[in-house]
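Asker: From first to last, the protein sequence lines are chains S and V. Heads up: the first sequence is residues 5 to 510, going by this note's numbering. Heads up: the second sequence is residues 70 to 195, going by this note's numbering.
Hints listed in this document are in silico derivations from the structure and should not be mistaken for laboratory results. Idealized CB from N, CA, C, for every residue including glycine. Any given hint might turn out to be false.
What the hints assert, rightly or not - Here are some chain V residues pointing at chain S (derived, C-beta under 7 Å): (1) L111; (2) N112; (3) I118; (4) R174.
Said to hold, decoys possible - Only part of the chain S face toward chain V is listed, based on derived beta-carbon distances under 7 Å: (5) D32; (6) F140; (7) I151; (8) P163; (9) V167; (10) S169; (11) L173; (12) G181; (13) G188; (14) V192; (15) S196.
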Amino acid sequence: MMLVHLPVFLVTIPIVASLLILAAGWHDRRFCHPIALATVLFQFGAAVVLLFGVMRGGPIHYHVGGWAPPLGIELVIDSFNGFILIVILLLSAAAVVYAKRSVEKEIPADKTVSFYVLFQLLITGLVGMTITGDIFNLYVFLEISSISAYTLISAARRPHSYVASFNYLVLGSIAAGFILLGIGNLYVATGSLNMRELAVMLPASYELATVHSAFLFLMIGFSIKAAVFPLHLWLPDAYAESPSVVTVLISTVMAKVSVYALFRILFTVFTTAYILDSFPVTGIVLFIAAVAIIAGAVLAIGQDDLKRLLAYSSVSQIGYIMFALGVANQIALEGGLLHILGHAVMKGCLFMVAGLIIYRMGTSRLSELKGVAKTMPVSCAAFALAGASMIGIPPTIGFMSKYYLVLGAFEAGHYLYAAVLLVGSLLAAVYIWKFIEVAYFGHPHGEEHGHAAGGGRNDRGKREAPLSMLAPVVTLALLCLILGMGVEVLMENVIGPAVTLLLGGA
Amino acid sequence: MIEAFFELFLARYNYWMAIILMLIGLYALIAKHNLVKKIIGLNIFQTAIFLFYISFGDVEGGTAPIYLPEGIDALYVNPLPHVLILTAIVVGVSTTAVALALITRIYEEYGVIDEDELKELVRGRR
């Protein structure tokens, strides 16, 4: 009985929990973290149950409040967003575990309660965006998550983070405005806000200017949100200036959900027939993606700050996912979805390591991190493993997703673009190597000073980050490897059906 | 030519107004250097979208969609866009609140609310 209502619990229970955090936090700040952790674990469990349900019995449709779709809001879980749901909740769970010590260090004590409340709301908004089947509801959840994100970015009270947050707020609001306009145009054209219904009704008006403009508004809006290359300007500052754990969450979960929303709008609402025939957009997307892959990586190479470097790397990696969209055939999209998972796991791990380094060393400037691997061997090993995945060294997940992308590009005959993927990988090797070189082969500044070195090193050996922060890092690093090896299972059971669903329309 | 254009404008003047307002808002967002004025621009931009929604929900001669007893017919305006915009207005208010809070913080930290001066200061501190 309860199981039937599981989809709506995914959203309502966390909202109640965020209020509970507020109330409990009033009483005692230490209650906040356990409640947040319990909630996100519940969500993850629910997502797993739902995905198995989808794999066994097909898509789950839930009518909120018992109102049927044309009137009410529908929650839909199919193999595509079930998969995304697992990815984002896995990363959110890792981030919440990681958050405890990180928050103690970075967030002012009197702001801990509101931090956890907003953190919970951010996750809830993103989960809502993922499971909703109603396009206006998507906008509402988008704004819930966005406003939480704007505030969270400036939560560490670093002066520059206010500016970063403000810039993101302005661009994010423009994006949201565009999305709202696009939704309005779709409503004018069809008189419906339900995604499935839209997909059925839209083909009749594919040639209308209203629909074209709706498409462009939505596409540009979500591209800003997902930081697709020329629209990525808010991203480096926002990623580099926010507290470590917020960076982890927005760089993995939030970025992925924005991309998901773009895929959902393009493939489920507009269907492949539209984006291939009526409004051929894939060629441009492919070109932009190729530019993004190269430009993001080149910009990343030029950075001296580890978090900023990883932020630009995200721009490049989002390019890979958009690349799949541009090629738009079965294999490439499988690669793209795999890359959504892979990039979330590895970038989550890399940003967590950056957070660990800031936690211990107090800086993320590469020039001040010489020899950090001696101090923090486990963290740096995790970085190396996730970095290898970022470059695409087999048998990691990063290799598998790029392999599928290249295969897809070959199948579509885009040989030149396939070469771009490889160049992107080489450039990734350069920027990942920048850190590895500094960490493993650089000499710490203090080490030349004779006898102090011995005692100093012993002391340094103990300075690995706390276990509760290290555990999620190691888990994610190992996941890069395990997922890469178990990719067949994943492809057959989850990603394959998801892509078939995308290409087959609603 | 001009007459045809004028007619086109008059026939759909509500949409044109929304578009003009939207562009004014975007212009303010891009061209104004004062952060508060940028947020005012953002508000104009959002308001334009709200007006767009509300005007396409309107039916000429329509009344408020109030439930009437059986047998009495009335022409309703479409209530759905209005309800949607109610949500969007709330969102707009919250965004503005967050933005203004951030501007206050920026002013406390840097002592300016001018974009160019702020950029200089940020670059100088890094």
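Asker: Now tell me if each hint is right for this structure.
Answerer: Right, here's what the structure says about each hint:
The beta carbon of L111 of chain V is positioned within 7 Å of a beta carbon in chain S (closest approach about 6 Å), and the interface hint is therefore held. Interface restraint check: N112 of chain V against chain S, minimum CB-CB distance 10 Å, threshold 7 Å, status violated. Hint status for I118 of chain V: holds, given a least beta-carbon distance of 5 Å to chain S, under 7 Å. Given hint, R174 of chain V at the interface with chain S, holds; its Cβ is 5 Å from that chain's nearest Cβ, closer than 7 Å.
A cut of 7 Å between beta carbons decides the hint on D32 of chain S: the least distance to chain V is about 27 Å, and the hint is violated. At a threshold of 7 Å, the smallest CB-CB gap from F140 of chain S to chain V is about 6 Å, leaving the interface hint in force. Restraint check, I151 of chain S versus chain V: the minimum CB separation of about 5 Å is within 7 Å; hint holds. Residue-level restraint check for P163 of chain S holds (minimum Cβ-Cβ distance to chain V is 4 Å; threshold 7 Å).
For V167 of chain S, the interface hint holds, the least distance from its beta-carbon to any beta-carbon of chain V being 6 Å, beneath 7 Å. Because the smallest distance between the Cβ of S169 of chain S and any Cβ of chain V comes to about 6 Å, under 7 Å, the interface hint for this residue holds. Among the interface hints, the one on L173 of chain S holds; its C-beta lies about 5 Å from the nearest C-beta in chain V, closer than the 7 Å criterion. With 7 Å as the threshold, the beta carbon of G181 of chain S comes within range of chain V, its nearest partner Cβ sitting at about 6 Å, so the hint holds.
Because the closest C-beta pair between G188 of chain S and chain V is about 5 Å apart, less than 7 Å, the hint holds. The restraint placing V192 of chain S at the interface with chain V holds, with a minimum CB-CB distance near 5 Å, inside the 7 Å limit. Against a cut-off of 7 Å between C-beta atoms, the interface hint on S196 of chain S is violated, since the closest Cβ of chain V lies about 10 Å away.
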